[in-house]
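*Asks:* If you're matching them up, the sequences are chains A and B in order. Going from the first sequence to the working numbering is simple: count from 1 and add 265. Going from the second sequence to the working numbering is simple: count from 1 and add 265.
These aren't lab readings, by the way, just hints derived from the structure by calculation. Keep in mind the model is a prediction, meaning the values are calculated, not measured. Hints are not guaranteed to be accurate.
Claimed, not checked - If you only want the chain B side, here are some residues facing chain A, beta carbon under 7 Å, derived:
id	residue
1	Val461
2	Thr462
3	Ile509
4	Ile512
5	Arg523
6	Ala541
The beta carbon of each residue, even a glycine, is placed where N, CA and C say it ideally should be.
Number of protein chains: 2
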Amino acid sequence: MRRGARFLRVAVLGVGLIGGSIGLAARRRAHAEVCGYDPDPEVLARALALGAIDTAAADLSAALAGAQVAFVATPVGALAETVRAALAAAGTDCVLSDVGSTKRAVADAGADQRFVGGHPLAGAETAGVEHAREDLFDGATWYLTPGPGTSGVLYERLHRLLASIGARPTAIDPETHDRLMACVSHLPHVLANLLVTQAASLLGEAEPRRLPAVGPSFRDATRVAGANTAIWTDIYMSNRDALIAGIDELAARLQEVRGWLLEGQAPAVAAWNDRARADRDALLGSGLAGGAVIELRASVPNRPGVIAEIALALGHAGVNIVDMALSPSEDNSQGVVAFWIRGDDHAERARGLIAGLGFPVVQA
Amino acid sequence: MRRGARFLRVAVLGVGLIGGSIGLAARRRAHAEVCGYDPDPEVLARALALGAIDTAAADLSAALAGAQVAFVATPVGALAETVRAALAAAGTDCVLSDVGSTKRAVADAGADQRFVGGHPLAGAETAGVEHAREDLFDGATWYLTPGPGTSGVLYERLHRLLASIGARPTAIDPETHDRLMACVSHLPHVLANLLVTQAASLLGEAEPRRLPAVGPSFRDATRVAGANTAIWTDIYMSNRDALIAGIDELAARLQEVRGWLLEGQAPAVAAWNDRARADRDALLGSGLAGGAVIELRASVPNRPGVIAEIALALGHAGVNIVDMALSPSEDNSQGVVAFWIRGDDHAERARGLIAGLGFPVVQA
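Only chain A is shown next, with the shape it has when bound in the complex (with noise of 0.2 Å):
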């Protein structure tokens, strides 16, 4: 049953710029009621001032008590040990998330019904309450990763609060998450940081090493090199076997490009130029999908790990989950999940997933 919204009670521990901003948009948007803890008392004071949260507990356990929904949102190197704490803190009707960059270490902190780990693509760069905004998440993929054991009610109310305060909630398993991020964000990052290391050596005999005003194309690739130390270094040692995959695999496909330029096969060069058009065509290319957005309704039985499935499903083949809801039968051995998905072609697609995962499912 869909449960009045104006009262759900949300936990925001560590409240900077995420946390901060959960706490507003929370509040504002889903007029939820905000308990907040930061272990710096100034901080926690500031967001209090500056209305993220309701009120600022003394403590974890504090913030925890009574919570409905709440965010682990403290910088990646303390994540892990902060959700087993808020764990080990929280009620049993409690659903726990966190914002980290990476999600396969909290995946084994969070082995829990109560867990889904997420992680919201926004703000992650600067730092301090003081930047906290409502409309952080307007648009912005929210990444899940709800595990096998996961609560289908508790993951709905998750998915349905972020829904409401403007994010697009996306289903990923954390393998792939991390991965993903690996391929996305941190490469990225580390060549930004070599190729300017790798410039300044180049000039570096002459004074002053600064550049020419040379081409786009090394600013672009270089805005990011020496991004906020502190951040970047939990970052990447964070996620650093995905990177390390990452790397290798760059460094292949680097010697494979290496190969032709010796060679002199032109023709290798350019089909692969070609090549990259065509992906970076896809995977960044024209806008999301629109339409109306169309409802569908599945039925499907009472147990762990099932809304996680159909979620996981329709995340990996890019369907969005506009909204959802669950409706638990009488005697509660079963229930009706409704997904709302924006376009026929995606709800159509969702449909056969969601059937091919043998659940029966109808067009509302």
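Chain A is fixed; fit chain B onto it per the hints.
*Replies:* Then chain B, alone, in the frame of chain A:
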């Protein structure tokens, strides 16, 4: 002696974006008379209609008849051959340059006292005389690669024409130029291609392969992926040994970072990231040297290579020559070169460098 600029005769061989823009700027800003030639008669007619050239020549020799400055602005693949043909056809008082993005290839073809390799850092990626603009080179670095035998008189004429059309001519040796371009342009393009292909292969199982709204680092790093294949295959192939050297250096640096990640050496990663930030600040940081323009006068023997030697020394030290003028003595055995340098510190550095080369120099 300063020649009346109004009657400078300029030949442009290849009237695409770059050649057309040279023509427009030379006509409107240097009051030059511009004769153009292009193997494609339609392109040539369009250049004439757009006012990029005063007259259209029937062939390369006709375009060069009476020219005092000539630019080879063909695609990279045809540069060396066209430079050779142009040197055979041009008169003894014609300075010939090119606009190719790599410089060692034409250095051999242009081993002639009339030849100075060139590379404007502007407008490289689009094509077509329709996009030609008078202000395309405003403030753009325009690399010049004079050889040891380059005539000082001819170098000065080219330098002054380029400065008068808005560019910042900067002398550099061909090897350093090509290594620099490999690092700051060609390697970023290679990495952009590799990153999109790697991300696409990661997402390849799902349909559609659209990337979610990731952070800006991936977009920035891959903006040039799959750039114009014809142009970029030529560029990659013409600079392939410098590019291979750049790839090898990057691969070695990548392995270094991989080692720190593998061994969990967070302090090394943090120090590396800090170094990258310092390098980026040094390379791309605060604006150009300001201050008043100061005139230096150097007495030099009238022999080939002297002007090139001074220009290269200043270019290597990061000192920009705003303008220059050459005045031979009456018996033509020696001359005075005036250099205009912006800023006290750069002027002082220039004075030290010129004196260090053994030429008497005073501030005018």
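*Asks:* Please verify that hint: B:Ile509, Cβ, nearest Cβ of chain A, below 7 Å or not.
*Replies:* Holds: closest Cβ of chain A sits about 5 Å from B:Ile509, inside 7 Å.
*Asks:* Min Cβ distance, B:Ala541 to chain A: is it shorter than 7 Å?
*Replies:* Holds, because the Cβ-Cβ distance from B:Ala541 to chain A comes to roughly 4 Å (cut-off 7 Å).
*Asks:* Minimum Cβ distance from B:Thr462 to chain A below 7 Å?
*Replies:* With a closest approach of 5 Å, the B:Thr462 hint holds.
*Asks:* With a cut-off of 7 Å, does the beta carbon of B:Arg523 approach a beta carbon of chain A closely enough for the hint to hold?
*Replies:* It holds, given that the least Cβ distance between B:Arg523 and chain A is near 5 Å, below 7 Å.
*Asks:* Does B:Val461 pass the interface hint, meaning its C-beta sits closer than 7 Å to a C-beta of chain A?
*Replies:* holds (4 Å)
*Asks:* Would the hint on B:Ile512 be counted as holding, given a Cβ-Cβ threshold of 7 Å to chain A?
*Replies:* Interface hint status for B:Ile512: holds (5 Å vs cutoff 7 Å).
Comparing the model with each earlier hint shows no violations; every hint is respected.
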